[in-house]
Amino acid sequence: MNPKEVKAILQAMVATDTNELTLETPDYKLSVRRAAAVQQQIAQPLAVAATQEQDVPPQTRAQTAEPQQQTPAEKPAASDCPGCQEITAPIVGTFYRKPAPDAEPFVNVGDRVEKGQVVCIIEAMKLFNEIESEVSGVIKKILVEDGEPVEYGQPLFLVEPA
Amino acid sequence: MNPKEVKAILQAMVATDTNELTLETPDYKLSVRRAAAVQQQIAQPLAVAATQEQDVPPQTRAQTAEPQQQTPAEKPAASDCPGCQEITAPIVGTFYRKPAPDAEPFVNVGDRVEKGQVVCIIEAMKLFNEIESEVSGVIKKILVEDGEPVEYGQPLFLVEPA
Amino acid sequence: MFKKVLIANRGEIALRIVRAARELGVRSVVVHSEADADSLPVLLADEAICIGPASAQQSYLNIPNILSAAIISGADAIHPGYGFLAENAQFAEMIAEHGVTFIGPTPENMRMLGDKATARRIAREAGVPVVPGTDALESVAEALAAAAQIGYPVILKASAGGGGRGMRVVHTPDGLENAVLQAKEEARAAFGNPEIYLEKYVEEPKHVEVQVLGDGKKVVHLWERDCSIQRRHQKLLEEAPSTLPQEVRRGLTGAAVKLAKHINYQSAGTLEFLVDREGNYYFIEMNTRIQVEHPVTEMITGVDLVAEQFRIAAGEGLRLKQKDIISRGHAIEARINAEDPDRNFRPSIGKVETVLWPGGTGVRVDSHLYTGYEIPSHYDSLLGKVIVWAEDRQAAIKRMQRALGEAVVDGPGLKTTIPFHKKVLDNAFFRRGAIYTNFIARRMSE
Amino acid sequence: MFKKVLIANRGEIALRIVRAARELGVRSVVVHSEADADSLPVLLADEAICIGPASAQQSYLNIPNILSAAIISGADAIHPGYGFLAENAQFAEMIAEHGVTFIGPTPENMRMLGDKATARRIAREAGVPVVPGTDALESVAEALAAAAQIGYPVILKASAGGGGRGMRVVHTPDGLENAVLQAKEEARAAFGNPEIYLEKYVEEPKHVEVQVLGDGKKVVHLWERDCSIQRRHQKLLEEAPSTLPQEVRRGLTGAAVKLAKHINYQSAGTLEFLVDREGNYYFIEMNTRIQVEHPVTEMITGVDLVAEQFRIAAGEGLRLKQKDIISRGHAIEARINAEDPDRNFRPSIGKVETVLWPGGTGVRVDSHLYTGYEIPSHYDSLLGKVIVWAEDRQAAIKRMQRALGEAVVDGPGLKTTIPFHKKVLDNAFFRRGAIYTNFIARRMSE
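Chains as they are written, first to last, in our numbering: chain A, 74 to 235; chain B, 74 to 235; chain C, 5 to 450; chain D, 5 to 450.
So here's chain A without its partners, still in its complex pose:
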């Protein structure tokens, strides 16, 4: 915890019109109360860092690296769909939406999926691994193009639970 981080939190509080804040972690406890105390909320200093990341073009990444200000994976924010849950890649490999090149996709945007239903395939080491949804709900967004490589933990779908 450093002043910049505290400042970021305070600015975040102003920006979010937050009046009181309590933050406890194994390392520290932070509580803040602003002017007319009403609400209590936890700020998101991580969002600040994420914005800076987008300014760095990937190809010049090594040259301009400023470790302190970077966050690792360029995960699409789930915020375009509040309340949505992500289905993430449990293994590294190539993402396929269809069981075969000439088949229909497992799921499309707007489809309802049940927990345990196969939503895509990830090919790894010449094996096709069926990936099941961890949640029941409606597919709101498909975050990866057919045939694209995916890393561990990469968000694949946004699902609105229902």
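Keep in mind that the hints are not guaranteed to be accurate.
As the list claims (entries may be wrong) - Not the full set, but computed from the structure, chain D residues with beta-carbon under 8 Å of chain C: (1) 306; (2) 332; (3) 333; (4) 367; (5) 369; (6) 402; (7) 406; (8) 409.
Unchecked claim - Covered stretches of chain C (in silico footprint by chain D; criterion: 3 or more residues with CB under 8 Å from a CB of chain D, positions within the stretch not fixed): (9) 11-23; (10) 300-310; (11) 366-380; (12) 395-404.
These are calculated hints, taken from the structure and not from any lab test. Heads up, the beta-carbon is just placed ideally off N, CA and C, and yes, glycines get one too.
Fit chains B, C and D to the supplied structure of chain A, relying on the hints for placement.
Just chains B, C and D now, with coordinates in the frame of chain A:
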């Protein structure tokens, strides 16, 4: 946690119109309240920093140097005498309170001095340089022992202007 | 040369390999766990792929995900660093099946040297001395006969044992019978197996290792390192060359080359020896990988060992000739671990708020730290290595003292081994080279 | 050896000297201005004394305060670094009168080489070639005769001139008469003095300098550095050795030793030469101090030049023998200045918020920066030096590219020369060694 960091936090609080802040970590606890822009209170952090500093014997300074947390010259705070002005060393050399070993000191605590009055001698390169007061007032404190070396800008006397 | 290398490691060695790749014009892909997502090698690599959660078992040891990462990124080689999969022959074979080159020894090399018993056999075949000893003892009489032949003191070890347990040193024939009976009993109690064997007890040995490079045909050595400063078999401070007499250095390095040639060794490897006070040396084992302490060898020879690993794996052959590899001056490496030397080297984690590494003449730093880095709790505690070179050992000691004196690695609650290294460097026994594997236990504990 | 050295300088060279002193067991006192009170050399020195306000005139050039600081701290030697008082013979004499040793050449050495005319005369005495030329020209006929003897092209220079003004290059006898008349007129207009002289015009020269060490009797050279990459006579990137043919290197270094021996030179010194495309070399001047670019020589020879300065000043004599000084591999230094290369190298000041220096094999960093350091506006813009060593020039270029690629020196509005160096390293002419003093003007401006 150092004063700069506390200052950064306080400035951030002012800028964000924050009234109270408590910060606890394994190393320090910080609590600040800015009730209606009157009270301002700083908890232990300064004392912590100061203590660490004192634990460092001068000869091992290089080994433990943490540039960010050190202040350059250990200048005695003028704060023991609010409103006082310092007479500082304009040259590097050895400080003498008397014109000759068997003479009386130029000034003693409690003496009134006039601007331009000689208050001490600094010996540099075998020359005795008379140092004049830059202010009229009463000598409240003599900060350097007779015969001690002084560096440029080092406070020698505290004078209460009158 | 390769087009793209996947680096299946983390921390300072991953960064070391990224650097070598960049200098060779090879693109780098660093695979990493979620806990290492904002680590320096990940940020400095050309590409990075997350391969699993923090647990090493599910990330750095996750062969399917690492192999998939190689395939989706189009890497034509994998450098395993040290630890993790570096000495896993099966991994090397699997990636070869997918057309990806393993930057390291052949699977056969690894298998031959993978267990100590086989390595001992190979050493004997090659005519390289090993610690004299027996197979499982059948009787006390056999123990007495063997000890008489080997010479006292001897040590009794449990065949199923390890980590120093169930060992018993015997100095005279009088004590041997009792010791054998007790050691068998202890072995049965501790490991459920009473089998024991006997070995010559090498008293106060130096741990000296020889760096070799081979291309499957030719082998050269790059002189030796003294790694006697160990705590519980963990090396803390290493130097090159050793303070051994020239004829012992020649003997050791010659033996190392002989053994490595015998198995057509390929890539960088290290042969570890125990050296007793008389200068007798005994081969213990070979590490078939780049080692943490490789920079001291680079400093005295001017050879970039990791770049040579790349060249050999790429089939360029060994371009170094033995006569051109000159041991020049003296180098020392201090491992800076996040451990508290005052509390039995307990690991210390947290956020690094201040980093100021030393610089100037003859100082090299290999570290993945930066200001603001959070040390993850899932992996080993190595934060970086400070390496110095100077014209001789005394000058190198002074330079290391100077370098560590200006180093700052600080954060809330963070402790490092820097103060411990300063004490070692200040120790009179260390300074005159009186270092043996028991140095820390004997000279540094008060 | 000395007990305590006062360091009359600031920034990276003050830190360099603190480090050398510590390794030699000499206590250090850094004198500093108020603006440098929290600089790294001040914090790392054993003692620090403030000697004046920010202005260099009142602090680093304030002889009475520096001398007083030496006296009150009990220093028995002063190291002046480079710049400031480093070549001030009077300062060296004054401190000697107070029993304090000047770590550098004798006042006589400094005086003999202090002005170019005397230095030229000494070089001629020693049989070292200088740029052929005339004294003040009396007539056009004299100019024609001299030019015919020297060979075209020739350059006309105003005796009272400097900084490139009033110069005129003449390629054939036809143009000389007119040029002489015009140059005289220009000289009169510009300097109020029409006196001009004529010199051989060395076309596209390399700036090559030879490092020497002397103890007042013996002199050795430590090979040469190529410092042709200059912007308005400011060196930006230096390397060692040069790419000159072996016989030219031998000639140059031999000439340098001859000249230094001729004047019984003491301490570290540098003899600067212009070298034309045919390998003819001409002595220009000698710098009687340690130089900014000395680390490239340290990297190829393994000699600690600052430590040798201490030893020589302490009367230990020159311990190095010429045959032991071997030029090995290739080293490059990039000066990292707080300047904006995109805005005509305008100085850039401010707070350094992020510093991440490169590390790893063959990389040395000499810098006084730390995270949070405020760059003062009162002094030169040098923030640090990145120096690399590799087995040959191509490998060194790649290593420097790698090193600068991972370097971060950042802060609000702060610009450095790092991007400029990357462009130089990427330039095809630079890469094949086609570097002359006009390199930046000719190859790097678009």
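Against the structure, the hints come out as follows:
This hint holds: residue 306 of chain D has a C-beta 6 Å from the nearest C-beta of chain C, less than the 8 Å allowed. A distance limit of 8 Å between C-beta atoms decides the matter here; for residue 332 of chain D the minimum to chain C is near 7 Å, and the interface restraint holds. The beta carbon of residue 333 of chain D is positioned within 8 Å of a beta carbon in chain C (closest approach about 6 Å), and the interface hint is therefore held. Because the beta carbon of residue 367 of chain D sits about 7 Å from the nearest beta carbon in chain C, less than 8 Å, this interface hint is met.
Hint status for residue 369 of chain D: holds, given a least beta-carbon distance of 4 Å to chain C, under 8 Å. With its C-beta approaching chain C no nearer than about 5 Å, residue 402 of chain D sits inside the 8 Å limit, and its interface hint holds. With a least beta-carbon distance of about 4 Å to chain C, the hint placing residue 406 of chain D at the interface is held under the 8 Å criterion. For residue 409 of chain D, the interface hint holds, since its Cβ comes within 8 Å of a Cβ in chain C; the closest pair sits about 7 Å apart.
Counting residues of the segment 11-23 of chain C whose beta carbon lies closer than 8 Å to any beta carbon of chain D gives 3, which reaches the threshold of three, so the coverage claim holds. Proximity of the segment 300-310 of chain C to chain D, defined as three or more residues with a beta carbon under 8 Å from a beta carbon of that chain, is established by the 4 residues found. For the segment 366-380 of chain C, the stated coverage by chain D holds: 8 residues have a C-beta nearer than 8 Å to a C-beta of that chain, and at least 3 were required. Only residues whose C-beta sits within less than 8 Å of a C-beta in chain D count toward coverage, and the segment 395-404 of chain C has 4 of them, enough to reach three; the restraint holds.
Of the numbered hints stated above, none is contradicted by the structure.
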